[in-house]
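Asker: Mind docking chain B on chain A? Use the hints.
If you read the sequences in order, they're chains A and B.
Position in the first sequence (first residue = 1) + 161 = our numbering.
Position in the second sequence (first residue = 1) + 71 = our numbering.
What the hints contain is simulated information worked out from the structure, not anything from laboratory work.
Every value quoted in this text rests on a predicted model; they were computed, and no experiment measured them.
Keep in mind that the hints are not guaranteed to be accurate.
Simulated coverage check for chain A against chain B, where a stretch passes if three residues somewhere in it have a Cβ under 8 Å from a Cβ of chain B [as the list claims (entries may be wrong)]:
| hint | segment |
| --- | --- |
| 1 | 187-199 |
| 2 | 215-224 |
| 3 | 231-241 |
| 4 | 372-380 |
| 5 | 386-398 |
For each residue, glycine too, the CB sits at the ideal point set by N, CA and C.
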Amino acid sequence: MKSICKQRLMALSGDEAVAHAVKQSDVDVVAAYPITPQTIIVEKFGEYVANGEVQTEFVCTESEHSALAACLAASVMGARTFTASASAGLALMHEMLFVTSGSRAPVVMAIANRALSAPLNIHGDQSDSMAERDSGWIQVYVENSQEAYDSIIQAFRIAEDVGVLLPIIVGLDGFTLSHSLENVKVLEDDAVKKFVGIRQLPNVLTHEGKSVPFRLDPDNPMTMGPIAFPNYYFEFKRQQDEAMKNALGLIQEVNSEFAELCGRGYGNGLVEAYHLVDAEVAVVCVGSTAGTLKTVVDSLRNEGVKAGLLRLRTFRPLPVEEIRSALASVKAVAVMDKSLSFGGNGGAVFHEVRHALYDVDDRPYVVNYVYGLGGRDVNPRELRGVFEDLQGILRTRRVANLVRYLGLRE
Amino acid sequence: MTNQEWKFTTKDIAEKPDLFTSGHRACAGCGPATVLRLIMKATRGPTIVTEATGCMEVVSSIYPYTSWAVPWLHTAFETAAANASGIEAALKVMKRKGRLKQEHVDVLAFAGDGGTYDIGLQALSGAVERGHDFLFVLYDNEAYMNTGIQRSGGTPLGAATSTTPAGSVLPGKLEHKKPIAEIMLAHEMPYVATASPYYWKDMLTKVRKGLEVDGPAFLHVFAPCPRGWRSDPAKSIEYSKLAVESCVFPLWESVNGICQLSVPSKLVALAPQKKKSVSEYMQGQGRFRHLFTPQNKNLLEEIQRMTDEKWQRLLKKCQTEKT
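If we strip away everything but chain A, and leave its shape as in the complex, we get (with noise of 0.2 Å):
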């Protein structure tokens, strides 16, 4: 077996271990504005950057919104750029968050995912995120600190690459993760920079045929963020969708090689299958959740129970093909989200879920549980309830509610 880099232990909470990766990725500019759950974020590379760890230039807006101009217009600048995010932040930043992937910006942002206003809510649930899935930004849902420690970093080898120059989220669930302290292996500083190495910028065509690295440059100055009527406009639209089928390969590419770097993968990058291989009842989940879930597939595999997990840990892109292949062996499937489509007969990851399926031969029964919204806790106990309920529908092979709702008051 390859021999893995030298990495230490350190207690750190997610957003601890978010700082940190940002620390280590030689970041250039990080503009950001403070937000529960995210603020230990900032005020941790504030830390640094007072204790001049860091070269990076840290600037300390008056808004999210101009949080992610300001990264916007360093990326476009050619530099790397970060921000964090959460609830009501990410809401404010939702109009940038298009110019951001428009104006193909690798920006990487960390979003300590957190309940929308109103009522007012700090706690934790995926609705900020999951109401910008359209957005134009790829997005990764983390399970631990560990994986959001890892996960920052490979989000800036995924956004910046080329072939892909898209901005990244990378969620992890706000107060669950943000503020567990939890062991972490952190990789050595020089390992982490070589393995993000110097931004790479591709080179485009200017109107006279030179071929110019794609940034503002005085010396070879570009028009960005032009206007675009009806005959040029989809084009681009399209080019962004380009970008993120090419996201689906380097995804699971990176996570191979920072694998064979310090020994932790996530599944492929794109889903991790648990128990999936003879599952017949297995539910889908995005984030922390996954970890209780594992405990209770375990407890259900020891009584025989076909069950098993699948993480999403990339809801864009939808790994589509990777949803069906893991899921070929099940006969009924339950997709928990965290956020809720209001009116829309269901939450976006159960929507998503279901629409992969579709086009599956034997298609099995796919049910959706609502559960954890503004930050109320799950427990192992109702989990296994989810698992009854699939064994439930293929004994009576009947599915009397599509849409449930897990730990609530009726």
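Answerer: Same frame as chain A, now just chain B:
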């Protein structure tokens, strides 16, 4: 950057290649287009421009064409100052890490009155408070012209716009124009000035000063819009003269908080008898036509009185700060 002596002569200006080039789709007699073309003549070296959504952004960047011979970035309506912050931050860190080819690059942000007085004010205030080194130029045509002449915080009292039309009950906009340059002055920023394209040499000098100063600079430029003002396209530059002569738009500058009248307004101060009335400035502008009816006589008088009061306040301020 060290300060340098400069002279903007007609010949120099004519000979210097345009950085905001012809071929854009601005209307005939467009004040802002003239302002931008002239201002780009006052740049002193490598310059990056960022611009808010608005008339000048739209007319100059229709894909796959561009009027910009400098690197140029547009992202959104309210983001000119935030973009400038990001560009300046990137320049700083690139220089620190030895990745900047140029010794120095100037950052110039353009926005209209909407992108400055209203939707862009927060980002502008934040960027100035953080002290980024950039020049923010407001080209003020006194309404949302790009979207069809809606009122803004920069629209003057009594002006008819498409959202404040002059009706049988209401005489156009009921509120005063926000004192934007004074608001920026209150940020205690190193350089704030007003300019008008008729006095182009004064304007270009102020642009150069704004670029040379370390830290944020703000330039408020008067920019007539014949479409929005319902005025003769041939008279845009004339209105930018009358606005100064009537003290509707006095010219001044503040260096490190010390306010001074600029020469064109100083001449008005020295010869008050030559000061034009607001009516002389407003006549011929369709947006003020209704003010000349007997029904709105009081309002016109009120505008004259307010203009005089503001002028007196400015005179006092410039005198006090000189002594």
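Asker: Using C-beta distances, would you say chain B covers the segment 215-224 of chain A, given that this needs three or more residues below 8 Å?
Answerer: holds (count 8)
Asker: Test coverage of the segment 231-241 of chain A by chain B using CB-CB distances below 8 Å; three residues minimum.
Answerer: holds (count 10)
Asker: Please verify the coverage claim for the segment 187-199 of chain A: does it have three or more residues whose C-beta sits within 8 Å of some C-beta in chain B?
Answerer: Holds, because 3 residues of the segment 187-199 of chain A bring their Cβ atoms closer than 8 Å to Cβ atoms of chain B.
Asker: Counting residues of the segment 386-398 of chain A that have a beta-carbon nearer than 8 Å to any beta-carbon of chain B, does the count reach 3?
Answerer: Held - the segment 386-398 of chain A has 6 residues with a Cβ nearer than 8 Å to chain B, which meets the minimum of three.
Asker: Do three or more residues from the segment 372-380 of chain A put their C-beta atoms closer than 8 Å to C-beta atoms of chain B?
Answerer: Coverage by chain B holds for the segment 372-380 of chain A (4 residues, Cβ < 8 Å).
Checked against the numbered hints given earlier, the structure satisfies every one of them.
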